[in-house]
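Enquirer: Chain order of the listed sequences is V and C. Once you know that position 485 of the first sequence is 485 in my numbering, the rest is easy, because the numbers rise by one and skip nothing. Once you know that position 40 of the second sequence is 40 in my numbering, the rest is easy, because the numbers rise by one and skip nothing.
Calculated directly from the structure, the hints in this document are not laboratory data. Keep in mind that the hints are not guaranteed to be accurate.
Below, a list of computed lysine to any residue pairs in the SDA-like style, where the Cα atoms sit at most 25 Å apart [stated by the list, open to error]:
(1) V:K256 - V:R57
(2) V:K3 - C:N49
(3) V:K20 - C:P75
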Amino acid sequence: MSKVVGIDLGTTNSLVAYVKNGVPIVIRDTDGDGLVPSVVSVSQDNTIHVGREAQRRLLTDAARTAYSVKRFMGKGREDVRHEAEHFPFRVGGDSGEVVRIGLGDREFTPPEISAFILRELKHRAEEHFAEQGEVDNEVDRAVITVPAYFNDAQRTATRDAGRIAGLEVLRIINEPTAASLAYGLDKKHSGVVAVYDLGGGTFDISILRVEDGVFQVLSTNGDTHLGGDDIDVLLMDRVLAGRVDRTPEAVQELRKAVIQAKLDLSERDETTLNGQPISRAEFEALIAPIVERTLGPCRQALTDAGLEPSQIDEVVLVGGSTRIPLVRRKVEELFGRRPHSELNPDEVVALGAAVQADILVTGNREMLLLDVTPLSLGIETMGGVVSKIILRNSTIPATGSEMFTTAVDNQTAVDIHVLQGERELVADNRSLYRFKLRGIPPMPAGLPRVQVQFQIDASGILSVTARELRTEIEQTIEVKPSYGLTDEEVERMLLESFEHAEADFAARQLIEARNEAESVIQATEKSLRSPEFASIDTTEISADERKKIESVLAGLKMVLKSTDRETIQKWTHALNDATQHLAEVMMNRSVSAALAGKNVDDV
Amino acid sequence: MRVRKLLRSLNLDFFSFLSLPRKLNLDMADFEQRYRALSRQFHPDYFYNAAPAERRASLEKSSYLNDAYRTLRHPISRVEYLLKLEGLAPQGPEQASKQVPAGLLEEVFALNEELDEVREQRSSGAAPDVWKGRLERARLPIEAKRAEHEAQLQELSARWDATGDRAVLESLRDRILERNYITNLLAGIERELNS
Numbered sequence: 001m002s003k004v005v006g007i008d009l010g011t012t013n014s015l016v017a018y019v020k021n022g023v024p025i026v027i028r029d030t031d032g033d034g035l036v037p038s039v040v041s042v043s044q045d046n047t048i049h050v051g052r053e054a055q056r057r058l059l060t061d062a063a064r065t066a067y068s069v070k071r072f073m074g075k076g077r078e079d080v081r082h083e084a085e086h087f088p089f090r091v092g093g094d095s096g097e098v099v100r101i102g103l104g105d106r107e108f109t110p111p112e113i114s115a116f117i118l119r120e121l122k123h124r125a126e127e128h129f130a131e132q133g134e135v136d137n138e139v140d141r142a143v144i145t146v147p148a149y150f151n152d153a154q155r156t157a158t159r160d161a162g163r164i165a166g167l168e169v170l171r172i173i174n175e176p177t178a179a180s181l182a183y184g185l186d187k188k189h190s191g192v193v194a195v196y197d198l199g200g201g202t203f204d205i206s207i208l209r210v211e212d213g214v215f216q217v218l219s220t221n222g223d224t225h226l227g228g229d230d231i232d233v234l235l236m237d238r239v240l241a242g243r244v245d246r247t248p249e250a251v252q253e254l255r256k257a258v259i260q261a262k263l264d265l266s267e268r269d270e271t272t273l274n275g276q277p278i279s280r281a282e283f284e285a286l287i288a289p290i291v292e293r294t295l296g297p298c299r300q301a302l303t304d305a306g307l308e309p310s311q312i313d314e315v316v317l318v319g320g321s322t323r324i325p326l327v328r329r330k331v332e333e334l335f336g337r338r339p340h341s342e343l344n345p346d347e348v349v350a351l352g353a354a355v356q357a358d359i360l361v362t363g364n365r366e367m368l369l370l371d372v373t374p375l376s377l378g379i380e381t382m383g384g385v386v387s388k389i390i391l392r393n394s395t396i397p398a399t400g401s402e403m404f405t406t407a408v409d410n411q412t413a414v415d416i417h418v419l420q421g422e423r424e425l426v427a428d429n430r431s432l433y434r435f436k437l438r439g440i441p442p443m444p445a446g447l448p449r450v451q452v453q454f455q456i457d458a459s460g461i462l463s464v465t466a467r468e469l470r471t472e473i474e475q476t477i478e479v480k481p482s483y484g485l486t487d488e489e490v491e492r493m494l495l496e497s498f499e500h501a502e503a504d505f506a507a508r509q510l511i512e513a514r515n516e517a518e519s520v521i522q523a524t525e526k527s528l529r530s531p532e533f534a535s536i537d538t539t540e541i542s543a544d545e546r547k548k549i550e551s552v553l554a555g556l557k558m559v560l561k562s563t564d565r566e567t568i569q570k571w572t573h574a575l576n577d578a579t580q581h582l583a584e585v586m587m588n589r590s591v592s593a594a595l596a597g598k599n600v601d602d603v
Numbered sequence: 001m002r003v004r005k006l007l008r009s010l011n012l013d014f015f016s017f018l019s020l021p022r023k024l025n026l027d028m029a030d031f032e033q034r035y036r037a038l039s040r041q042f043h044p045d046y047f048y049n050a051a052p053a054e055r056r057a058s059l060e061k062s063s064y065l066n067d068a069y070r071t072l073r074h075p076i077s078r079v080e081y082l083l084k085l086e087g088l089a090p091q092g093p094e095q096a097s098k099q100v101p102a103g104l105l106e107e108v109f110a111l112n113e114e115l116d117e118v119r120e121q122r123s124s125g126a127a128p129d130v131w132k133g134r135l136e137r138a139r140l141p142i143e144a145k146r147a148e149h150e151a152q153l154q155e156l157s158a159r160w161d162a163t164g165d166r167a168v169l170e171s172l173r174d175r176i177l178e179r180n181y182i183t184n185l186l187a188g189i190e191r192e193l194n195s
C-alpha cells in the first residue's frame, strides 16, 4: 500500500512526517536532521539542487539560488515589486500574471520551485520507507500545511505545487491548527487554546476550543508577510549601511552571519556580528516593532472569538522565530500566562500534518479538526463595492449564495468578479477570480434568476456553481484565477517535471561520476610525480605495469568530458584496479620511512 | 439509499437539523455538544474513502451544519432567522435603514441636531476636546436605548418560548429593526469621532 505523509512546506525549512503505530514522527536524514532548507538552486549545467546543498550554493552562486519562495506563492508580478530587490535571484513575469523566478536561463513559477522541495521530501520519505523494508514505499499522497492566513490563491498555488511534485494533496491544513493537533495527542485536554505561530515569513494566530477531541477554531488572524525574514532584513540593513561589497554572494554571506547572530542572541546576552559586538538589548530594540506587529492580529482574533485574554487556558508557540526571548515575553504579557513550548517549534506543524493525513486515510474518528476561513469572500457589485457572501472565521466547509439577474433584454452572460478580504472597496481586496456566467436563457431584462453558489471546502479552497432558477439550467463557469495557474498549466508542469526529474537525476549522477573520476586521476598523477615513485625499481613495479597505469590514466582523461556516465565509471574502476598495487607499494614505503624516523617527503 | 436520505434532510430548517425546538433561549452547552456530534457524523474527513456521491453529500451536509451553527449561535441572528422561518422577515435593508422606527423618533431628532451643531463647531475650528465631549454625551441616550432594547429582546424571547404567540414575533421584528437602526446610529457617531 502506497504511503501518505504530512508535509510542512515552510518559508525557511520544510519537513516530512508520518504516523507509525499511532505516533507521528519526523523523517530525518542520516545525520538526524529533519529540516530540508526550502532552497532550490540551478547549477550551470542545469542540475537542480535542493536543501542543504542549495543553501551552500547561496554563498557561491546566489543568482541561481531561490529561497523564501513561499512569499511569492499565489502572487502577481505587481504584488512583489517592492521586495523583489531583496533577493539575489530574478523575480519577474508579465504584468498581471503569476510571478516568475529566474534561475540561470530557466524560469519557474513559485509552485514549480515549491514542487522541487516537495519532491525532495517525497524522495526522503520513500528512502525511509524502503529502509524500513516496506514492500510498497511509494509516497503519492500528502497533507500539506499553509499559514492560516493564506488566501485562496495562495492555497491553490500550494495544492498545484503538490500536484506538480506528483502528490495527491489530500488536504491543505492550517499550520497553527496542525500544531494544536500535535499538542493535543498525548492528553485529552479541553479548553481554549491560542496558537501563536511566527515562522520565517508568515505570522498566524489561531484561537481554538478543544472539547471531546474536536479541535474547533474560533477565530484566526495573521500577516502572510511577517516573520524571521523581516528580522534578518533589519539586521542586514544595519550592517550593510557601512559596507561596500554588495555582490549577491557577499550579501548572502552576511545574511548567514546575521541569522547566526539572531540565533546566538536567543541563547546569550551578547554576540558579535560583522566584527562588532551586539547585545540582546540592542537586538530587542531593533526588532520590537516587528514583534509589536504580531500583537494587533492577536487582539483582533480574541475579539472575533468573543474572548478576553484571561479566558485563554493555554498558549502554544510554533515557528522558529518564537525562540526569541522578546517574542516569548510579549506573548506571555498579552495572554497573562506562560506559553507552551515542549514540542520542537520547528517540527510540531509537520507532526500535526501527519496526524491529519492519518485521520483521512484510516477514518480514525478520535479527533476532528474544524477550521475556519481566514478572510471574507465577496463579489463585486455596483460602484466597485464588495458584497460579502461568506464572512471571515466561518467554519469550513462553508457555502454562500447570491442571486444575479440581467440588465438588458436577452442577455445571456453575466460577468462575476470574486474577491477576498475585509475592505469595502474592490480595489482594496484580493482579486481571486473573474468569470463569465454563460448560457442564461434569453429573457426580458431582470427576469432571469441565476443563483451562484460559492463553496469553500475543508482545505479553504473555493469552487463555484450556478443555476438559473426559472429554467433549472446549470450554467457553465469558466474560472480563470487572477494570479494562479490553470489546470492545463499544472498538467503541463507535472509532465515537464517528470522529464526534468529524470534529466536532473541523470545530470546529478553524471556529476558525481566525474567528481569521482577526477579524484582518482589526481591521486594517480600525484603518485606518478612524487620523488618516491622515481626511486621505486622495476622489481617492485614492472615497466609493463607502469605502462598500463599510464594508458588507463590517459583513457580516463579522454572519457572524462563525455556525458556517458557508465563509460566514465568503467574507466574509473579500471584505473582504481590498475593502481591498487602501486598504492600498496607506496604505502609500504611511507610506512617504512616513518619507521626509519624520516618524513615521507624527505625520502 | 444512504445518500438520498442525507440529501433529503437538507430541506430541514436549521432548528430541525440540530433537533432543536424553534425556541430562542438555547442551552448553549447542549447546542455546542450537538454541533460537535453532528460534525463527527458528516465531516468530509471521514468520507475520504467513500463513493463520490457520499463525499459530495458529506460536503453539503457539513456546510449546511456550519451554516446552521453560525446562524443559531448568536442571539440576534437566531431571532432574525426565526422571523424569516415564520414569514416575518424584516423588509430589505434599504427600508430598514431609511425609515426611522417610531419608537426612536425623539432620540434620532435630538442626535441629528447635535451632529449638525458639532459639524458647525468643527468647521469653525473648535478644539477636538470640545466637540468630542459633545459627541460622547450625545451617544449616551442612544446607548441607554440599546440596553433597553437588549432587555426587551430577552423578555420577548422568553415569552415566545413560553407561548409560541405570533404577536410576540411581530414585536420582536420591530425591536430587531430598531436595533439595527441604533447600531447604524452608533456607527455614525463613531465615524464622526474618528474622522
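Enquirer: Against each hint, give a clear statement of whether it holds in the structure.
Expert: Cross-check of the supplied hints:
1. Between K256 of chain V and R57 of chain V, the direct Cα distance comes to roughly 12 Å. Compliance with the 25 Å bound is thereby established for this hinted pair.
2. Restraint check for K3 of chain V and N49 of chain C: the C-alpha separation of about 15 Å stays at or below 25 Å, so the hint holds.
3. For a cut-off of 25 Å, the pair hint linking K20 of chain V to P75 of chain C is broken: about 45 Å separates their Cα positions.
The structure does not agree with numbered hint 3 stated previously, though it agrees with all others.
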